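A.B. asks: Protein chains in written order, with the numbering used here: chain A, 1 to 302; chain B, 303 to 776.
Please note that the accuracy of each hint is not assured.
What the hints assert, rightly or not - Each pair of labels, with its calculated beta carbon distance range:
1) A:A214 <-> B:T737: 35 to 43 Å
2) B:G595 <-> A:R110: 23 to 31 Å
3) B:L710 <-> A:A217: 23 to 31 Å
4) B:E642 <-> A:A217: 16 to 24 Å
5) A:G52 <-> B:L710: 47 to 55 Å
6) B:A608 <-> A:A217: 53 to 61 Å
7) B:E535 <-> A:G78: 51 to 59 Å
8) A:G52 <-> B:A763: 50 to 58 Å
9) A:G78 <-> B:R528: 50 to 58 Å
10) B:A733 <-> A:G52: 51 to 59 Å
As the list claims (entries may be wrong) - Which residues of chain B face chain A? A partial, calculated answer using Cβ under 7 Å:
11) S542
12) W645
13) T646
14) P675
15) R682
16) E717
17) W726
18) G750
Derived from the structure by calculation, the hints contain no laboratory data.
Being a predicted model, the structure only gives us computed values, none of them experimental.
Just so it is clear, CB atoms sit at the ideal spot from N, CA and C, and this is done for glycine as well.
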Amino acid sequence: MAGFCSGRPEQERILTVKPGSTSAERALDAVRAKIAALETGGRGESESLPFGDPRIDRCFPGGRGLPLRRWHEVGGEGMETETAAAPAAFAALMALPLLRKRPAVWITRRDDLHAPGLAGLGFPAGALIEVWARDEAQALAAAEDALAASGVGVVFVEAQACDLTAGRRLQLACEKGQATGFLIARRPFGGGAAGAAQGSAAASRWSIAPAPSAPMAGRPGLGAPRWRATLERCRGGRPGAWLFESPAAYDDTEIQDGTHPLRLVADLGDRQLAPTQPAARPASPAVPFPAGGQGAPRRRRA
Amino acid sequence: METSRGTRRLAAVDRAARALGLFPGQKAADALAYVPDLVTAEAEPEADAQALGALVDWCVRFSPAVAPDPPDGLFLDVTGLAHLWGGEAALTADFRRRLARNGLPVVCGVADTPGAAWALARHGDGAGLCPPGRQGQVLDPLPPSALRISEAACAQLERLGLRKVSEVRRLPRSQLAQRFGLELITRLDQALGEAPEALAFRRPPNPWFDRLILAEPISTPEDLARVCGDIVERLCARLSAEGQGARRFELAYHRVDGRPQTVEVGLAVGAREAARITRLFLPRLDQVDPGFGVEQVTLAAFEVEALSARQAALAPEPVGQSAVEIAPLVDRLANRLGAERVWTSQAVESHVPERAVARRAPFSPEPPARWDPARPRPIRLFRRPEPIEATAPVPDDPPVQFRWRGQLHRVRLAEGPERIAEEWWKAPIEAASTTHVRDYYRVEDQAGARFWIFRAGLYEAGAPARWWLHGLFG
Numbered sequence: 001m002a003g004f005c006s007g008r009p010e011q012e013r014i015l016t017v018k019p020g021s022t023s024a025e026r027a028l029d030a031v032r033a034k035i036a037a038l039e040t041g042g043r044g045e046s047e048s049l050p051f052g053d054p055r056i057d058r059c060f061p062g063g064r065g066l067p068l069r070r071w072h073e074v075g076g077e078g079m080e081t082e083t084a085a086a087p088a089a090f091a092a093l094m095a096l097p098l099l100r101k102r103p104a105v106w107i108t109r110r111d112d113l114h115a116p117g118l119a120g121l122g123f124p125a126g127a128l129i130e131v132w133a134r135d136e137a138q139a140l141a142a143a144e145d146a147l148a149a150s151g152v153g154v155v156f157v158e159a160q161a162c163d164l165t166a167g168r169r170l171q172l173a174c175e176k177g178q179a180t181g182f183l184i185a186r187r188p189f190g191g192g193a194a195g196a197a198q199g200s201a202a203a204s205r206w207s208i209a210p211a212p213s214a215p216m217a218g219r220p221g222l223g224a225p226r227w228r229a230t231l232e233r234c235r236g237g238r239p240g241a242w243l244f245e246s247p248a249a250y251d252d253t254e255i256q257d258g259t260h261p262l263r264l265v266a267d268l269g270d271r272q273l274a275p276t277q278p279a280a281r282p283a284s285p286a287v288p289f290p291a292g293g294q295g296a297p298r299r300r301r302a
Numbered sequence: 303m304e305t306s307r308g309t310r311r312l313a314a315v316d317r318a319a320r321a322l323g324l325f326p327g328q329k330a331a332d333a334l335a336y337v338p339d340l341v342t343a344e345a346e347p348e349a350d351a352q353a354l355g356a357l358v359d360w361c362v363r364f365s366p367a368v369a370p371d372p373p374d375g376l377f378l379d380v381t382g383l384a385h386l387w388g389g390e391a392a393l394t395a396d397f398r399r400r401l402a403r404n405g406l407p408v409v410c411g412v413a414d415t416p417g418a419a420w421a422l423a424r425h426g427d428g429a430g431l432c433p434p435g436r437q438g439q440v441l442d443p444l445p446p447s448a449l450r451i452s453e454a455a456c457a458q459l460e461r462l463g464l465r466k467v468s469e470v471r472r473l474p475r476s477q478l479a480q481r482f483g484l485e486l487i488t489r490l491d492q493a494l495g496e497a498p499e500a501l502a503f504r505r506p507p508n509p510w511f512d513r514l515i516l517a518e519p520i521s522t523p524e525d526l527a528r529v530c531g532d533i534v535e536r537l538c539a540r541l542s543a544e545g546q547g548a549r550r551f552e553l554a555y556h557r558v559d560g561r562p563q564t565v566e567v568g569l570a571v572g573a574r575e576a577a578r579i580t581r582l583f584l585p586r587l588d589q590v591d592p593g594f595g596v597e598q599v600t601l602a603a604f605e606v607e608a609l610s611a612r613q614a615a616l617a618p619e620p621v622g623q624s625a626v627e628i629a630p631l632v633d634r635l636a637n638r639l640g641a642e643r644v645w646t647s648q649a650v651e652s653h654v655p656e657r658a659v660a661r662r663a664p665f666s667p668e669p670p671a672r673w674d675p676a677r678p679r680p681i682r683l684f685r686r687p688e689p690i691e692a693t694a695p696v697p698d699d700p701p702v703q704f705r706w707r708g709q710l711h712r713v714r715l716a717e718g719p720e721r722i723a724e725e726w727w728k729a730p731i732e733a734a735s736t737t738h739v740r741d742y743y744r745v746e747d748q749a750g751a752r753f754w755i756f757r758a759g760l761y762e763a764g765a766p767a768r769w770w771l772h773g774l775f776g
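Take these sequences, add in the hints, and give me the full structure.
C.D. replies: Right under this line is the structure:
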């Protein structure tokens with residue numbers, strides 16, 4: 001079976017990252033690796049982008065962070081469904097470490113994306129290829145084309161909704177190329193609310209809301225931007241909710257290579273966070289998977 | 303009919319009028335005396351020039367190098383192409399036949415030099431063919447006016463009794479030059495091929511040009527697509543052999559009725575991959591109307607530049623060098639959506655937010671200007687700022703709350719003002735005014751949403767301040 005064979009090296013890697021695990025855990029991990037290999041449809045390769053914080057990374061398949069060469073849906077609530085400013089900023093920052101190697105394509109339906117704003121977040125906006133599509137179908141077709149093209153690192157596409165067929169097409173395009181997609185959910189101004197997404201081919205679905213910033217002591221004005229990010233769905237992983245901060249935004253100091261531009265805010269004083277968030281539990285960074293099944297229900301493709 | 307120096311004269315006459323003894327340059331009154339029921343029309347030199355231009359364009363089907371010779375002639379450089387038609391005689395016969403079918407009688411001359419060909423066409427016996435290197439013999443029996451000299455010089459030669467070119471040629475050159483100026487000598491030498499002559503070709507001959515002549519006219523979309531692929535392959539093979547790539551390709555389908563149908567594609571960086579260029583053409587072929595059939599296809603490449611042979615990268619390349627890899631994608635998108643819908647933003651040295659961004663074609667050189675990361679700018683900038691109802695009790699302070707799109711936002715934190723004034727140095731100084739000042743604040747509401755708002759104009763007691771929302775930080 002092809003899936004099993006190609007899944008084998010991963011299994012090795014998982015075993016090596018946690019030397020202190022028991023034999024029961026090891027057996028469990030072997031089963032998980034097998035399931036992961038099945039879930040990816042036999043394509044054993046699973047590059048990922050770690051956030052650099054185990055509290056987040058372990059919610060993703062294999063505990064290794066955001067899966068690459070997949071597409072992710074990033075949306076917002078309330079006003080953000082129309083403006084999609086916070087989801088766009090968050091998606092840009094999430095993808096930032098990928099842009100050092102390959103350029104990005106940003107497909108919009110309205111031309112209100114402001115490159116200096118992206119540049120302020122540390123995003124290499126001078127190399128971004130912006131595409132302004134006329135309608136939803138054109139935007140998704142352009143995204144598919146860009147995802148499948150060689151040489152593209154990240155594709156952002158602002159679209160209203162993506163049904164299962166379009167989602168599968170995007171996923172196939174991701175597998176053809178090397179790019180990771182971010183679908184920024186956004187409905188047209190004055191347009192009706194997007195229908196509830198009934199099943200989606202996205203590797204993960206995020207809901208992003210801006211969060212009040214904490215100004216630095218002794219300095220007037222706003223603090224570093226913060227977002228409340230809810231991982232609503234994650235294929236082969238678990239949902240979660242966190243409070244992120246981008247300490248390097250609007251700062252002319254370069255981000256050091258290797259650190260993720262998004263940082264988990266240590267002080268989780270916010271009561272509105274979802275109770276299922278894993279960070280609230282005692283964290284055991286060495287173990288990518290919690291041993292027991294007391295967390296949120298794992299979602300798995302049937 | 304035209305008016306020259308106050309006199310109405312005939313500018314041109316048709317065959318029937320010529321048979322009646324009328325000639326161009328004749329006074330209209332005289333002509334009407336000869337032929338009382340003469341039908342005349344006003345001369346339209348501009349329309350004539352336009353028609354000549356169109357004819358020159360059409361002649362590209364015979365030769366890529368066509369030079370107009372106003373007011374009523376044109377030169378075709380047929381060097382090395384006559385064999386395609388089966389000889390010069392067949393070429394001129396075909397030329398004449400095609401034009402005659404369109405109601406354009408022509409006389410042609412073919413010779414080694416433009417001068418001799420001109421003389422043959424206008425004063426020859428009608429056969430119009432000069433064997434190679436025999437210009438002298440062909441020119442000798444012709445009148446001196448066949449030498450393309452001014453009317454004054456021509457008249458003077460006639461007065462001297464010189465009625466043939468051979469008689470002129472027999473005279474010593476120094477005397478000819480003294481008497482008639484250099485023009486006669488130059489024209490004579492040019493006609494004989496002893497002096498060079500530069501023709502101003504309407505379109506500079508493009509070496510990156512190829513053509514396919516079809517045995518049968520084609521019209522089905524499949525055939526159009528196939529010949530497109532064939533001709534692209536031919537030109538690309540040549541480009542590849544010479545290490546060149548082109549950034550623009552123009553494909554022309556020449557219809558049976560002589561109207562070319564052109565399709566153009568542009569590329570972000572030079573290319574010569576036939577399959578890729580064909581793919582760019584294919585979706586546009588539905589614009590081609592083959593009419594009664596297409597009998598010839600031409601393809602020209604423009605903006606040809608050296609392009610070294612490349613190999614697919616083994617390791618991921620840093621940003622910037624990957625342009626070659628993404629160029630096909632950019633080309634596809636630009637050709638599908640329109641070139642103005644695919645761009646890369648570049649910084650412009652301007653404080654006015656709307657002007658701080660310019661669009662440039664992807665992969666064009668990046669200017670040295672940079673956006674200042676220390677000046678926070680929103681990620682969404684509205685093209686038109688939206689009015690908000692703001693409550694700002696303290697002058698020159700950010701509002702404590704504002705209403706935008708029907709929703710009330712209480713300001714929790716604010717930063718500013720950043721005063722951005724108009725760029726008065728770009729307009730007359732009288733036009734500058736303090737009302738074109740904006741005080742921008744970056745504010746955060748209770749929920750954490752960050753906005754970029756500004757107050758228009760300076761604060762004035764009594765006058766209500768006008769507030770606008772210009773963008774959103776995510």
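A.B. asks: State for each hint whether it applies.
C.D. replies: Checked hints:
1. A:A214 <-> B:T737: 35 to 43 Å: holds, 38 Å
2. B:G595 <-> A:R110: 23 to 31 Å: Since the Cβ atoms of B:G595 and A:R110 sit about 45 Å apart, the hinted range of 23 to 31 Å is violated.
3. B:L710 <-> A:A217: 23 to 31 Å: holds, 30 Å
4. B:E642 <-> A:A217: 16 to 24 Å: 48 Å Cβ-Cβ, so the 16 to 24 Å window is violated.
5. A:G52 <-> B:L710: 47 to 55 Å: Roughly 39 Å apart at Cβ, these two residues miss the hinted range, so it is violated.
6. B:A608 <-> A:A217: 53 to 61 Å: Given about 60 Å between the Cβ atoms, the range holds.
7. B:E535 <-> A:G78: 51 to 59 Å: holds, 56 Å
8. A:G52 <-> B:A763: 50 to 58 Å: holds, 54 Å
9. A:G78 <-> B:R528: 50 to 58 Å: Given a distance of about 55 Å, which is inside 50 to 58 Å, the answer is holds.
10. B:A733 <-> A:G52: 51 to 59 Å: Roughly 54 Å apart at Cβ, these two residues keep to the hinted range, so it holds.
11. S542: Nearest chain A Cβ about 21 Å off; hint violated.
12. W645: At 5 Å from the nearest chain A Cβ, B:W645 passes the 7 Å test, so the hint holds.
13. T646: The hint holds - B:T646 has a Cβ within 7 Å of chain A, the shortest such distance being about 6 Å.
14. P675: holds, 5 Å
15. R682: holds, 5 Å
16. E717: Result: holds, 3 Å to nearest chain A Cβ.
17. W726: violated, 22 Å
18. G750: With Cβ-Cβ at 4 Å, under 7 Å, it holds.
Of the numbered hints stated above, those contradicted by the structure are hints 2, 4, 5, 11, 17, listed in ascending order.
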